[in-house]
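**Q** Sequence:
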Amino acid sequence: MSFPLLRCPYLVGSQILKNMSHQELFLFSLSCKRAKKAIKMYLPKRYLSAELQTKDYGTVVTHHATEKRDFRIQSACAGISSIPCLIGDTYAEVYLINDLSLIDIDWKSNKKVALKSFVSHISICWNSPRISIKMDEEKPSGYFLDLMKHLKLNAITVDSVDFAENVRWDLGVHFLQCKSVKLIFNWYYHQKFKFELANFLKMLINYSENKLKVIRILECKITTEEITDRLDKKGIVHEKVGSKLELQRCDGKKVLIGLVDQVLEVKVV
1 MSFPLLRCPY
11 LVGSQILKNM
21 SHQELFLFSL
31 SCKRAKKAIK
41 MYLPKRYLSA
51 ELQTKDYGTV
61 VTHHATEKRD
71 FRIQSACAGI
81 SSIPCLIGDT
91 YAEVYLINDL
101 SLIDIDWKSN
111 KKVALKSFVS
121 HISICWNSPR
131 ISIKMDEEKP
141 SGYFLDLMKH
151 LKLNAITVDS
161 VDFAENVRWD
171 LGVHFLQCKS
181 VKLIFNWYYH
191 QKFKFELANF
201 LKMLINYSEN
211 KLKVIRILEC
221 KITTEEITDR
231 LDKKGIVHEK
241 VGSKLELQRC
251 DGKKVLIGLV
261 DQVLEVKVV
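For the sequence shown, this note's numbering gives the first residue as 1, with consecutive numbering after it.
The hints are simulated quantities; they were obtained by calculation from the structure and are not laboratory data. Ideal placement from N, C-alpha and C gives every residue a C-beta, glycine not left out. Each statement offered as a hint is correct.
Ranges of calculated distance between the beta carbons of each label pair, as one might list FRET restraints:
id	residue 1	residue 2	range
1	Lys-192	Met-41	46 to 54 Å
2	Lys-267	Lys-234	16 to 24 Å
3	Lys-267	Lys-40	35 to 43 Å
4	Gln-191	Ala-155	32 to 40 Å
5	Lys-213	Cys-8	41 to 49 Å
6	Ser-208	Gln-262	27 to 35 Å
7	Lys-254	Leu-145	27 to 35 Å
8	Val-269	Glu-226	20 to 28 Å
9	Val-241	Phe-195	21 to 29 Å
10	Ala-155	Arg-34	22 to 30 Å
11	Lys-149	Arg-34	24 to 32 Å
12	Glu-246	Leu-176	15 to 23 Å
With a cut-off of at most 20 Å between alpha-carbon atoms, the simulated EDC-like pairs for lysine to aspartate or glutamate come out as follows:
id	residue 1	residue 2
13	Lys-253	Glu-265
14	Lys-179	Asp-251
15	Lys-149	Asp-162
16	Lys-194	Glu-246
17	Lys-192	Asp-229
18	Lys-244	Asp-261
19	Lys-202	Glu-225
20	Lys-267	Glu-219
21	Lys-182	Asp-162
Turn these sequences into a full structure, and let the hints guide you.
**A** In structure tokens, the structure reads:
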């Protein structure tokens, strides 16, 4: 395949790619392996943070400067024309909608393979070191674990995770690798939640390698007294500072726990 861009002087090729919109760059990266090579050659430092929103097969909202566009990953798409392409090592078809403001991707593989390939594409083609995640699925736990695994393999940092539905609290060990987490309290497992919360706080104060800065739990049905009681049973030293509970971490930082209007916030300061 003829690919004249790779024969351009460096400054010319770099300027051509810099002038592309994110959607154009995305489509260009799908065209062939030499296109991916061109992006890595001419835009080695053009980092694009990506927001992955899972719904059906997911929605990805990319952010670069003032641009905000949707890349919807779905199991089936309705369109009269498509662009065959490879994302990672997975065959897909891309449907362009509304002048590139929306791109539907029809995966020709199962969900786990599609996820792996898309994370690979974020890493290789977009040169993105960070990602934010919105989980809209009713039972996102398995999908979240797969996602975290592939992000870690590709050295992509998770800036934030937002769970729109109830989620199992035993994912707590993976929350430690995210900078910010928001989730809804699963009130069906009230007693288990208190137990898991105490275990999570113990990990948070004992391991300084974690990246978590703040976690917010909405519609939280427990009380400050219940948290204090569970901390006492776990032997976790704490003190009351104003309206918050304060825990000391092994690295000298502090963990502040506040509960206001059924929003439980745990913050590392």
